[in-house]
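Participant: Residues per chain are reported as follows:
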Amino acid sequence: MLRRSVLWIVVLLMLAALPVAAQETTVRYFTFSAAPDHLEDLDTIIAAFEEANPGINVEVETAPFADYFTLLQAGVASGDAPDVFELNYENFVTYAANGALLDLSGMVSAEAPFYPRALEAFQYESQQMALPATFSTVLLFYNADLFDQAGLDYPTPAWTWVDAVEAATAIRALGSDTWGLFSPVQFWEFYKKAGQNGECSFFNAEMTESTINSAACVSTLEAMVSFQTSDIMPTAAELSGVSDSELFLSGKLGMLVTGIWMFGAFQDASFTWDVQIEPMINQHAHHFFANGVAVSASTANAEAAVAWAEFMASSETAANVRVESAWELPALDQPEYFAAYLEQTPPANRAAVFEALESPVTPPVIERQNEMQDAVNALLTRVVDGELTAQEALDQAKAELDALIQ
Amino acid sequence: MSRMSWNSGIHRWKWVALFLLPGLIGLSLFVLYPIASSFWLAFQDWNLLRPPEFVGLGNFQELAQDDAFWQALSYTLSFIVLYVPVVFIAGLGLALFLNQKFPGMLIVRASTFLPVVASWVVVSLIWKWIFNPAYGLVNFALNLIGIQGPAWLFEPQTAVYAMVITSVWKDVGYIALLYLGGLQNISESYYEAARIDGANRWRCLRHITLPLLTPTMFFVAITLLINYFQMFEQVWLMPMRDSAADRQVEVIVTEVVKNAFSYSRMGYASAMSWVLFALIFAITFVQLRLQKRWVFYKSD
Chain A
1 MLRRSVLWIV VLLMLAALPV AAQETTVRYF TFSAAPDHLE DLDTIIAAFE EANPGINVEV
61 ETAPFADYFT LLQAGVASGD APDVFELNYE NFVTYAANGA LLDLSGMVSA EAPFYPRALE
121 AFQYESQQMA LPATFSTVLL FYNADLFDQA GLDYPTPAWT WVDAVEAATA IRALGSDTWG
181 LFSPVQFWEF YKKAGQNGEC SFFNAEMTES TINSAACVST LEAMVSFQTS DIMPTAAELS
241 GVSDSELFLS GKLGMLVTGI WMFGAFQDAS FTWDVQIEPM INQHAHHFFA NGVAVSASTA
301 NAEAAVAWAE FMASSETAAN VRVESAWELP ALDQPEYFAA YLEQTPPANR AAVFEALESP
361 VTPPVIERQN EMQDAVNALL TRVVDGELTA QEALDQAKAE LDALIQ
Chain B
1 MSRMSWNSGI HRWKWVALFL LPGLIGLSLF VLYPIASSFW LAFQDWNLLR PPEFVGLGNF
61 QELAQDDAFW QALSYTLSFI VLYVPVVFIA GLGLALFLNQ KFPGMLIVRA STFLPVVASW
121 VVVSLIWKWI FNPAYGLVNF ALNLIGIQGP AWLFEPQTAV YAMVITSVWK DVGYIALLYL
181 GGLQNISESY YEAARIDGAN RWRCLRHITL PLLTPTMFFV AITLLINYFQ MFEQVWLMPM
241 RDSAADRQVE VIVTEVVKNA FSYSRMGYAS AMSWVLFALI FAITFVQLRL QKRWVFYKSD
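Protein chains in written order, with the numbering used here: chain A, 1 to 406; chain B, 1 to 300.
These are calculated hints, taken from the structure and not from any lab test.
We put the beta carbon where it would ideally sit given N, CA and C, even for glycine.
Since no wrong hints were added, every one of them can be taken at face value.
To list a few chain B residues with every Cβ distance to chain A over 12 angstroms, as calculated: (1) Leu20; (2) Gly56; (3) Leu63; (4) Lys101; (5) Pro103; (6) Arg109; (7) Ala141; (8) Leu178; (9) Ala193; (10) Ala194; (11) Pro211; (12) Trp274; (13) Leu290.
Here are the simulated DSS-like pairs of lysine-lysine, each with C-alpha atoms no more than 30 angstroms apart in a straight line: (14) B:Lys258 to B:Lys128; (15) B:Lys258 to A:Lys398; (16) A:Lys252 to B:Lys128.
Facing chain B, from chain A, some residues (calculated, C-beta under 7 angstroms): (17) Thr70; (18) Gln73; (19) Val76; (20) Ser240; (21) Gly241; (22) Glu371.
If we strip away everything but chain A, and leave its shape as in the complex, we get (with noise of 0.2 angstroms):
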């Protein structure tokens, strides 16, 4: 009797949790800038997810960012993608053009705050295909030391390319081993100089031919080059290995343009550096490096998966973690968030970050990507070597860039 009773209380048991079991969504999210330093930063912002959606559990899958890639491509080929997954902005068009990104027009909430530009990136053919997650920039690093030996006023949100080129005339002149200027010859320099310019693009606004031979693109690289050809700047083989950043960090750099994601690298940096946003050649320009958060257009859990990307991308809890964890900064136009942010030192001129975004330039994109990196730095590098000149290599990225977007 006793035996029966037992079993009747196991079997109901097991009746009332099947509804539960069967209201369970487990949602996979694949990513690749959580590990391995901010994994229990995402399982926070998981944790408070869950609580607000009872039934929806986030399952997280990391990957190195060299190896991401080729990992979400072979999931997505053998139809065993992740539901929700990051994408960096430069590989966004890629997947959206594919058919492998679920629509997002309309499944999210209109009064989320992205910052306007950052919501736009993510747009193909006027569908909202994916969500903007984090941004970043790049800014004007600058060793106050240095300027204070050579008499120098410091950089400010007025200075051209001439300015600072003068400035770091003047800071190479300080010593043999000391370097004015640190401003890399490649794509992503290249394309952000262009916008500098105002007048050079990498193809027309049809996106049907390639326009990156124009005279201004022709003056927008020789001015590039010269500041290697003018000494201020010290070639690979001068750097024999020696990092920029670590060059800077090491004093015998004047200027270095570099990403804000160096803070943390220079916090405890023996000198006195700030930074300004950067010079200009016709106009401000500056780089919107954007993480994305995307559904998967095969995933079988559209509204749970939609739901984390969203949290994920917009919460507040989720910009809280990430701006408190120095794990990059929120796409989002809500200053309170950045309020710790800003308090931060050094650089205390860390409002130039927002600055920089009021002329945001995103990197020109096509679907065969890698390959128009790879071509456009390997021109470049024979342009610095001399082995072409600007019109010559620009007339070469032309034809091979026409060739890519056939």
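Dock chain B against the given chain A, drawing on the hints supplied.
Facilitator: Positioned in the frame of chain A, the structure of chain B alone reads:
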């Protein structure tokens, strides 16, 4: 054959098959199937995100006009021309030295083999330091004799020489070991007979050692060419990041890897792999045909 022995034969083969099965399954899944797939993919356009699309010989036609492929082939051949003769002769020289008998030879033999077992990552780190233009050993030594050393791993031309030197250092021990096996296989009686006839060391080397070593030389030549058409690690790891060498020096296999995993052009990368296979096959075939003219087997 009697019915009984036929049955026992079948019975024995069942056991053979059973024991071969695990290996065959692995071979089929991880070698044969990928080879067959890559052949099929060579005629497709596939970026992993969309289903493959048949393009016929399109990938091969594109390959014929692809400057990057021809440049990679040219760098591959440059490496082979610079590396193979040096390691072929240096390996033989080292083997002749290691074949001597004196105290401590075992330690010398082991130490020449150490670079062979070292990983390419470690080797590349060490040699990147040795070739560093500012504080590397090579340029320091050149400075001592008044020569301004080049930026070895930054410029394409000098990077090729630096990689060849590193590759020779890493591989010569293995080549010497192969030769050593061949040398120790030559019967002492040939040398005794030659010495009785008044042959000096040079004549012994010229008329006994080298002819009887030709089967090993043939094996070394074939494996060196096959391996160096597929060279990858040194080119992937050694050029300094973002330098001209890094952005310009490519060999066929680095092009395959880039196209497959960076550009997501699986079909094109597969076509490139099959062209590489055809090249290696053709060269090995020619070598096999030519061996009759210079390789002497003991039974000849």
